[in-house]
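Peer 1: Below are the chains, spelled out letter by letter.
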Amino acid sequence: MADIEAANGVAASSIEAINGVAKASIQTLSGFTVPSGGVTALADLEHWWRLDEGTGTSAANSVGGAPALTHVSVTHDANGNRTTSEDVVEYDGAAGLSIVNVTNDSNVLQPVGVSLMQAEMSITFWMRIDSNLSSWECIFTATDSGSWQDGLGCYFKTAGGAESDHPEITGLWFWTAQGEVPPATATNYLSSYAGAALAAGATGWHHVACVLGATSTIMIYIDGVAGTQITSGGSVLAPSMEDADCIRYLSVGASKVCTDHAANPAYYASVSLSDFRIYDKTLSAVEVAAIASTSTVDWP
Amino acid sequence: MKYFVLDNEPTSEQLSAALGYRKATSVEKWLVKTTDSADHSLFPGDGLTQAEARATVSGSTDWNGPTPEQLNE
Numbered sequence: 001m002a003d004i005e006a007a008n009g010v011a012a013s014s015i016e017a018i019n020g021v022a023k024a025s026i027q028t029l030s031g032f033t034v035p036s037g038g039v040t041a042l043a044d045l046e047h048w049w050r051l052d053e054g055t056g057t058s059a060a061n062s063v064g065g066a067p068a069l070t071h072v073s074v075t076h077d078a079n080g081n082r083t084t085s086e087d088v089v090e091y092d093g094a095a096g097l098s099i100v101n102v103t104n105d106s107n108v109l110q111p112v113g114v115s116l117m118q119a120e121m122s123i124t125f126w127m128r129i130d131s132n133l134s135s136w137e138c139i140f141t142a143t144d145s146g147s148w149q150d151g152l153g154c155y156f157k158t159a160g161g162a163e164s165d166h167p168e169i170t171g172l173w174f175w176t177a178q179g180e181v182p183p184a185t186a187t188n189y190l191s192s193y194a195g196a197a198l199a200a201g202a203t204g205w206h207h208v209a210c211v212l213g214a215t216s217t218i219m220i221y222i223d224g225v226a227g228t229q230i231t232s233g234g235s236v237l238a239p240s241m242e243d244a245d246c247i248r249y250l251s252v253g254a255s256k257v258c259t260d261h262a263a264n265p266a267y268y269a270s271v272s273l274s275d276f277r278i279y280d281k282t283l284s285a286v287e288v289a290a291i292a293s294t295s296t297v298d299w300p
Numbered sequence: 001m002k003y004f005v006l007d008n009e010p011t012s013e014q015l016s017a018a019l020g021y022r023k024a025t026s027v028e029k030w031l032v033k034t035t036d037s038a039d040h041s042l043f044p045g046d047g048l049t050q051a052e053a054r055a056t057v058s059g060s061t062d063w064n065g066p067t068p069e070q071l072n073e
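From first to last, the protein sequence lines are chains A and B. Everything in the first sequence is counted per this note's numbering, starting at 1 for the first residue and increasing by one. Everything in the second sequence is counted per this note's numbering, starting at 1 for the first residue and increasing by one.
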């Protein structure tokens, strides 16, 4: 059966609700169970590492044909308790991370030589802070640059420091950069931050969504609540990663930049993670909230 | 978990008892991660707890290189 492209003349992308039920809340259509998170979110899910294997050095990708994550020095927590029966992966803040080679990934990360990332994408995950985080500890990055001047990523930073385009705030930052033009000014380095829920001593699980839009939008959500966007950076372009010769990675739990940089990997984070997803679209606030409000997932 | 900082690259015997390791950026040091039940006699000293290992590497240019903030100045 072909995908539904329109209903009653309304394009699928424009449908907001059916019979008064918001699209993100629809769970069943004529006996077909829709996964938590809604139809739109599911259709655009490009990568999904559940991180629930409970053992081993590989995290399977629940999207068919998409690559697994390789764990390095991680531990598995069978009592992660994000849900009642789910293992999670612990990153120790010292030596643990997970990586996937995305040099030639044609799904979310584009081939070398052209724009390496899409202008519209979203990365979501569940996170538990296991020790008080230090500045620059990375939840994930995908960049060629040891100073993060291309690509994108998410890091924690405590208040203080001299970076002019960052307010003095403790929190989690989602950034995207436009190319290696040091220094990283407000015109080539954009950020969104949110911090209150992740202050020192924060416990429990939090849902994080890093959303990149095509039209001057970059936003981090924590537990479905939007953070603050740095607006001085101008329009958001597809983040470039300019070194065509290196092997590059999406790294989780630390920052492993492409292979020709010395400080590599670095900035290990002391967190536990679960259900790491990449969507091939700019998730709306409603969609983010729907995903964050679900505790279990059942697809595929 | 128990961590050990080595001044030489871990041997194959040490690696067989380790969950993994990382190398410092600017100095010849390796941080080896082991389980509590591993044979710790293969490593020098009493080792470090996770908190001590984090304190050793966190914010250190030896282990992480300059911060992006420092590089962007």
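What the hints contain is simulated information worked out from the structure, not anything from laboratory work. Do not take every clue at face value.
What the hints assert, rightly or not - Pairwise CB distance ranges, derived in the manner of DEER restraints:
| no. | chain 1 | residue 1 | chain 2 | residue 2 | range |
| --- | --- | --- | --- | --- | --- |
| 1 | B | S60 | A | S293 | 36 to 46 angstroms |
| 2 | B | P44 | A | G64 | 46 to 56 angstroms |
| 3 | A | G54 | B | D46 | 40 to 50 angstroms |
| 4 | B | Q70 | A | A17 | 42 to 52 angstroms |
The model shown is predicted, which means the values in this text are computed figures rather than measured ones. We treat Cβ as the ideally placed atom computed from N, Cα and C, and that holds for glycine.
Peer 1: Now tell me if each hint is right for this structure.
Peer 2: Do the hints match the structure? See the list:
1. B:S60 with A:S293: 36 to 46 angstroms: holds (39 angstroms)
2. B:P44 with A:G64: 46 to 56 angstroms: holds (47 angstroms)
3. A:G54 with B:D46: 40 to 50 angstroms: Given a distance of about 30 angstroms, which is not inside 40 to 50 angstroms, the answer is violated.
4. B:Q70 with A:A17: 42 to 52 angstroms: Given about 50 angstroms between the Cβ atoms, the range holds.
The earlier numbered hint that this structure contradicts is number 3, and it is the only one.
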